[in-house]
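On the provided structure of chain Z, position chain E as indicated by the hints.
Number of protein chains: 2
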Amino acid sequence: MKPAVVLLSGGLDSATTLAIARSQGYEAHVLSFAYGQRHSRELDSASRVAAALGARNRLVLTLDLRAIGGSALTGDLAVPKSRTAGEIGVGIPVTYVPARNTIFLAHALAWAEVLGAEDVFFGANVMDYSGYPDCRPEYLQAFERLADLATKAGVEGKSRFRVHAPLIRMTKAEIIRTGHTLGVDFSLTWSCYEPTADGRPCGLCDSCTLRKKGFAEAGLTDPLCYAA
Amino acid sequence: MKPAVVLLSGGLDSATTLAIARSQGYEAHVLSFAYGQRHSRELDSASRVAAALGARNRLVLTLDLRAIGGSALTGDLAVPKSRTAGEIGVGIPVTYVPARNTIFLAHALAWAEVLGAEDVFFGANVMDYSGYPDCRPEYLQAFERLADLATKAGVEGKSRFRVHAPLIRMTKAEIIRTGHTLGVDFSLTWSCYEPTADGRPCGLCDSCTLRKKGFAEAGLTDPLCYAA
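Sequences listed follow chains Z and E, in order. For the first sequence, numbering that gives the first Met the number 0 begins at 0 and goes up steadily by one. For the second sequence, numbering that gives the first Met the number 0 begins at 0 and goes up steadily by one.
Next comes chain Z alone, as it looks inside the complex:
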């Protein structure tokens, strides 16, 4: 089996991405980050998802993105609540973390180089947050170009680094249906940006809102129990 690094947050997008990589026959080396996110609960989910989907191994790296700041997910800004899907889709939300995907992909590249892997799977998606600059296809192509210039194997012409983003143009409902077909256990996944004190997903943040809407449109039942 061909090795691939799979970025796994513990959310349903990255869980579905891992399932796709496995279904394509890749040996999955799963990479997660403890980056100071409010919702570090997602790391437990990532661990369970990786095991359930037969990941070869898993590396959790600690990053201090809180020291850099600039985002509601890592800083003092409030997480927006009770916005509609239409409101969420306008502009770049305060939950954008500056250069986070570049930092994540850079580490994935490092690990891929050590593993001798040419493939990285990444659950980027342009549909819901159309404003996230570092989820767009042209951004991912620019990263592939950079990667081939950055590494030993790329320079020697021995490898052609590829960022696979199989979800990039799917709606949330399509992602959920795809994951369902591939056997993803969504009860293991986590999406909420700001869980309640008793550990339930809030049901009101943008991430909960889009998840609920996605399950409704997919005609499937979300196994999570929301606070609201």
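Take these hints with a grain of salt, some might be off.
To be verified - Which residues of chain E face chain Z? A partial, calculated answer using Cβ under 8 Å: (1) E86; (2) V93; (3) A109; (4) K151; (5) V154.
In case anyone wonders, no lab produced these hints; they're calculated from the structure. Glycine included, every Cβ here is placed at the ideal spot set by N, Cα and C.
Here is chain E on its own, set in the frame of chain Z:
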């Protein structure tokens, strides 16, 4: 003054790069990394160099590159000793750290975005280690292209991200002469990959060898006291 992020390891290249940024009128926000390097002694040097050269502030981020491995600087491979400058210049040395510069620049980009800075200064150099893929001009240009696609301001056409690498084609002797002219106190800098138990630079690793040769060719005295 225009803000810039300056990557500072504590070595003489990055110290000279910081001096150049200051001489060009930039307000320097200095970024260093504790990435599991054997020679973490360089971080103390970075602190002193930043203060001496009037950095506005300094951020030290911790990265776990040791968990990724693949390099003599972060792993179990031995640091080569007593190689000649000619031997050092052939191929990619084992002190290459996979994707390290991409990881460093990604963090610099994140901090620049939060600071509203468009400029990053980076002491990359192609002369001594001609084999390091992620020090080449075409690599740095690819990073600039990526950065403009990755960030809010770049997407909105409000900024044009630039990686300044003023040393890229200088010899070590030229770097030392430039730093000397700009008032860099080289006694504060640190280059050795593997200091002795009593805290002196070994004098035998590739980094010590190139530094000694550079001072000799520049006709200047290296203020450091080597073990060998």
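Here's how the hints hold up against the structure:
no. : hint : in the structure
1   : E86  : 18 Å, violated
2   : V93  : 11 Å, violated
3   : A109 : 4 Å, holds
4   : K151 : 6 Å, holds
5   : V154 : 4 Å, holds
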